[in-house]
Each structure stands twice: as C-alpha cells, then as structure tokens.
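K.L.:
Spelled out, the chains give:
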Amino acid sequence: MRSLITLLCFLHVSSSFAFSLNNTVSASFSQNEVVVNVADNCTNLGVSSSEILSMVSDGASQFWNTVSTSRMRLRAGSVVTVDSKFYNEKICNSNTGSCEPNTNLTVGSGVLITCNGETTTNFPASQRTVLAITIPNNISGTTIVGALVAINDRSDNVFQDKSRAQMVSIIAHELGHAVGLGHSPVTDSLMYYTLVPVRDSLGWDDIDGITYLYPKEQPFGCGTISQVDSKAAGFAFMLILLFPLIWFQLRKLVLRFLHSAS
Amino acid sequence: MNFFNAVVLSAILLFSTALHAVGVKDTYLGIGSYTSLPGKVQTNDSGDTNGIFELEPYILGGAEFQIYKDWSAFAEAGFVKPGSGRDPKITKMNYFFLFSGAYNFMDWVFKLGAGLSYTRISSEGGVQTLNNGTTTTDFPMPDAAVVSQNIITTLGVEYYFHQEISAKLEGHYFNLESSEGNALSYTLSVSYHFGNIFDPSQRKSKK
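Chains as they are written, first to last, in this note's numbering: chain A, 1 to 262; chain B, 1 to 207.
The calculated lysine-lysine pairs, modelled on DSSO-like cross-linking and capped at a C-alpha distance of 30 Å, are:
hint, chain 1, residue 1, chain 2, residue 2
1, A, 162, A, 90
2, B, 69, A, 252
3, A, 162, B, 40
4, A, 162, A, 85
5, B, 89, B, 40
6, B, 40, B, 81
Just a sample of chain B residues kept apart from chain A, beta carbon distances all over 10 Å, derived:
hint, residue
7, 58
8, 67
9, 101
10, 106
11, 159
12, 190
Since the hints were made in silico from the structure, they are not lab data. Ideal placement from N, C-alpha and C gives every residue a C-beta, glycine not left out.
Just need the whole structure built from these sequences, with the hints factored in.
P.N.:
Written out as structure tokens, the structure reads:
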C-alpha cells in the first residue's frame, strides 16, 4: 500500500485556514454513492443503532449531499452485526503522528460506524472527551475502499450528552474524515475539529474540500477522481464551440474576397 | 452520462453549430459580479450564512445570433477572478460557457439556456498543523489542481439602457435533473456591445 495514512481524526469537546486531507495521496472513494452501515454494538451512547443510522441520513442530506460540485453522495445503509473486535480492539497499531491501521478492523467496502470501548489506546480516561476516531483503513492506491468510524462508547463518554442536532453534526464530521477530508482551521467549517454553537450548513472549506476529492464530471462522469493540472477541459470545450463560428466567418470572408476580386 | 446530460450536451452542440451558420448579430464584452451559493454557506460559528450578494469580479464575452424576428440566441463565456481561500495556498477559479435562447422585447431581453460551469481548485501541497482531539496533527494539503464540471441551466434578463450598453441579471441553476445538490448562483453584469464585428456595415447593435 503506497499510501501513508497520517490521520487520527479525533473530535474533541472543548474548543481550531483551508481544508486539508487525512492522507497523503488524496485518496477518495471511486464510486459516486458511498454506503454507510452502522454496527449494532453500542451500549453507552443513549441512542440506538437505528437512530444513529437515521442521523447518518440526516447528516448526509443536510451537509455532504448538498454540494452541487461534488459527485459523492452518502447513503444510509443498514444496521449490521460485526465481530466483537470492532468494539474491543484499538483502531491503530501505532499512534505516533500517523496511524498504522489495525488490519483486524479492515472495512471491506463503504463506511462502517461502530462503537468502540477500548480504553487503553483509543479512548483512555485522559481522552474521554474524544468523541470518535475515524480512518479510511482500507486504501488501494488512491482509492478508499473502506473506512471506519469508531464512536467512543466509554460509560462516561460525552457523546451521550449531546443534542440530536449535535450528534448529527458530529457524525457528519466523522463521515467527512471517512471520505478523505482532514480538519479545517476555521470555525465555520463542519470539518473544524470541535463542535461550534450552531452548525446548520457547510462552510466554504468543506465545499472546496469535498469538491477537490470528488469533482463533478458532467456530462462525462466516469466515477473516478480526476486531478487535472491544466485548463484543458474548458479550453477544449470552448474550441469545439467556437469551431463552427470560425469556420463560417472564414468562409464568409473568403467568399467576400473572391467576389470583390472578380 | 445520463440521459438528461446527453440531451443537454447534444442540444448545446447542435444549437452552437446552427447559430454560427445564421451569422453574428452582435458581440459584446462585459464585467460583473458572480455570487456563488447565496445564503447557503455557513460563515461563522453562530450559524450565519454568506450574503445574497457578494462581490466576486468576473469578465464575460459573447455573441448574439439572429434567429427569427424578435428571437435570438447567445453564446457566452465568463471567467470569475481567481481567488484564494482563507489560506493563500488554495486557489479557486470559476468559469463557464453558456448558450441561451432569447426573446427581445423593446429594451429587454429574456434568456433561457444551458451551459457548463467549471470550478477549479488547486493547491501547492504542504501541511497544516491543526488541533486534533487533545493534541495536534500535521494534515496534508492538496498538491494538484482539480476541475469540477457541472451542467447548469440558466435564466436571465438583460436591459439595454443605451444602444451599446446593457445590464444583465442571470441565474445559474446546478443539478436541475437531480433532487440532491441543487444550487443557485447568479451574475450581475454590465456589457458593452460592439455590434457585428465581422460585418462593418452592421457595426452597431440594433437594440
């Protein structure tokens, strides 16, 4: 795996310039529709897995699915049963600046939201206010195949104290990480590292970031990220449109010249 | 390519070819302001959103083609001044190519059309050290340019307050065919009309 994953996407409940990414290869999902499933293993969040799934749907429609220049759409999948490892094991084998994903928790496709109560590495007492850890833990080249969102399920977690609207924005923030975004340094962005008093819509950093990773390709979209280091697309299109104009005007000038010459 | 996009693109290309065949009636250049997603983007931590008018300078150029009596058609290109986000390492640029059918009524022109809108986002790479949980992390920045290409539907009205000068308000609607990702941006512009620059005998606009 060429990608070097550098993220540990915590969300902290206390108090952060442009969008950033959570990996060094600008990885993104290849498909336009990314399905988000929720594991049925939460015990301390105060909300059921089906309610979390409902929040996924709300977060998608309120935030990420509103971006007109992005091809990516999040879809709420279903409540699923997963191995107990997803609850008990650490997310990263090492946490020193970058994350080496625990291969036991590799997500086969899409996004999996799980609860996690591992209190030694993931959510120790000193970090009980951390709401979740998210990592695209199945990356092939520059394609995210699967991503894991692990919500802090300690008995004294702070997620359970949030309002539903806050929970929706927290989950939407984590889904931003799951699809490849890092944090934003500005408070108006959903990808700011902590909650803000009011979160109603995306900020410019969010919109620019998701557009960068998932650019719309109408009318020729093929479902893959296209990083174009030129203005060739627009220029080519303009040439196509202008060709008839140039042709007809040249033809007219030539005919006029021939007529005057004769 | 879905059916809607195929129809729109085919219509644009056929329309373009047909228009060029009938000849240019007028050409024009203009300046204006492009307002993207008015009222839809959060701008602070209190939930306020961007204004319904924002000054993003743009230039435009285009041509009008005579179709039949009061009906004409327009081909136009617009380029929004490239700007940086909050971080100077990020550069964002919008440009678009539009084709409209139009009805001329006295000094007014009513336009309906479609086009392609491009959003180009680029960055030089590097990292940002940002808060992350209880510590900080170096988050990578993008190191390439990406162009997002959208089919848009346009609706506009133009008023000629002088034979050679007009003002125009035009909306750009994104993703008309979808129930998601719908968005409206608009332009306010002033144009100077040169008439038919290819035929000096019809030098000036006939508005």
